[in-house]
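A.B. asks: Residues 9 to 73, numbered by this note's numbering, are exactly what the sequence shown covers, in order.
Please keep in mind that the hints were generated in silico from the structure rather than gathered at the bench.
The structure presented is a predicted model; accordingly, all values stated were derived computationally and were not measured.
Keep in mind that the hints are not guaranteed to be accurate.
What the hints assert, rightly or not - Using 30 Å as the maximum straight-line C-alpha spacing, the simulated DSBU-like pairs for lysine-lysine come out as follows:
| no. | residue 1 | residue 2 |
| --- | --- | --- |
| 1 | Lys35 | Lys50 |
| 2 | Lys34 | Lys49 |
| 3 | Lys50 | Lys34 |
| 4 | Lys38 | Lys49 |
| 5 | Lys45 | Lys35 |
| 6 | Lys45 | Lys34 |
| 7 | Lys38 | Lys50 |
| 8 | Lys49 | Lys35 |
Claimed, not checked - Pair by pair, the computed Cβ-Cβ distance ranges are:
| no. | residue 1 | residue 2 | range |
| --- | --- | --- | --- |
| 9 | Tyr44 | Ile16 | 50 to 58 Å |
| 10 | Leu73 | Met9 | 51 to 59 Å |
| 11 | Ala70 | Ala24 | 27 to 35 Å |
The C-beta atom is built at its ideal place from N, Cα and C for all residues, glycine as well.
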Amino acid sequence: MFTTGRIIFAIIFIIAFIIFMVISYKKDAKNHEAYYKNAAKKVAIYGTLAILIFVALRLVTAYLL
């Protein structure tokens, strides 16, 4: 199904893509510290809030119906 040329191309493409992503991440690491400070904490707070609202709505609708 796959020729040798396609397999070689896929391997080279994957290796080049991974190298490019690592280089890009290293360049942007400084910006991540400046612009995304405490982002994980905010995501955790909003995620917890969304789950609590969902559970509360499920409980309210379960008892009303």
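A.B. asks: Each of the hints needs a verdict: does it hold here or not?
C.D. replies: Results for each hint:
Distance hint between Lys35 and Lys50 is fulfilled; the C-alpha atoms sit about 24 Å from each other, no more than 30 Å. Note on Lys34 and Lys49: the hinted pairing holds, with a Cα-Cα distance of about 23 Å set against a maximum of 30 Å. Proposed proximity of Lys50 and Lys34 is supported: the alpha carbons are some 24 Å apart, at most 30 Å. Of the pairs offered as hints, the one joining Lys38 and Lys49 holds, with about 19 Å between alpha carbons and a cut-off of 30 Å not exceeded.
Of the pairs offered as hints, the one joining Lys45 and Lys35 holds, with about 17 Å between alpha carbons and a cut-off of 30 Å not exceeded. At roughly 17 Å between alpha-carbon atoms, Lys45 and Lys34 fall within 30 Å of each other, so this suggested pair holds. The suggested pairing of Lys38 with Lys50 holds, with an alpha-carbon distance near 20 Å, which does not exceed 30 Å. The hinted pair formed by Lys49 and Lys35 meets the criterion: a straight-line CA distance of about 24 Å does not exceed 30 Å.
For the pair Tyr44 and Ile16, the supplied restraint of 50 to 58 Å is violated, since their beta-carbon distance comes to about 38 Å. In this structure, Leu73 and Met9 meet the distance hint of 51 to 59 Å, their C-beta atoms being roughly 53 Å apart. The hint said 27 to 35 Å for the Cβ distance between Ala70 and Ala24, and at roughly 53 Å that hint is violated.
In summary, the numbered hints that this structure violates are 9 and 11.
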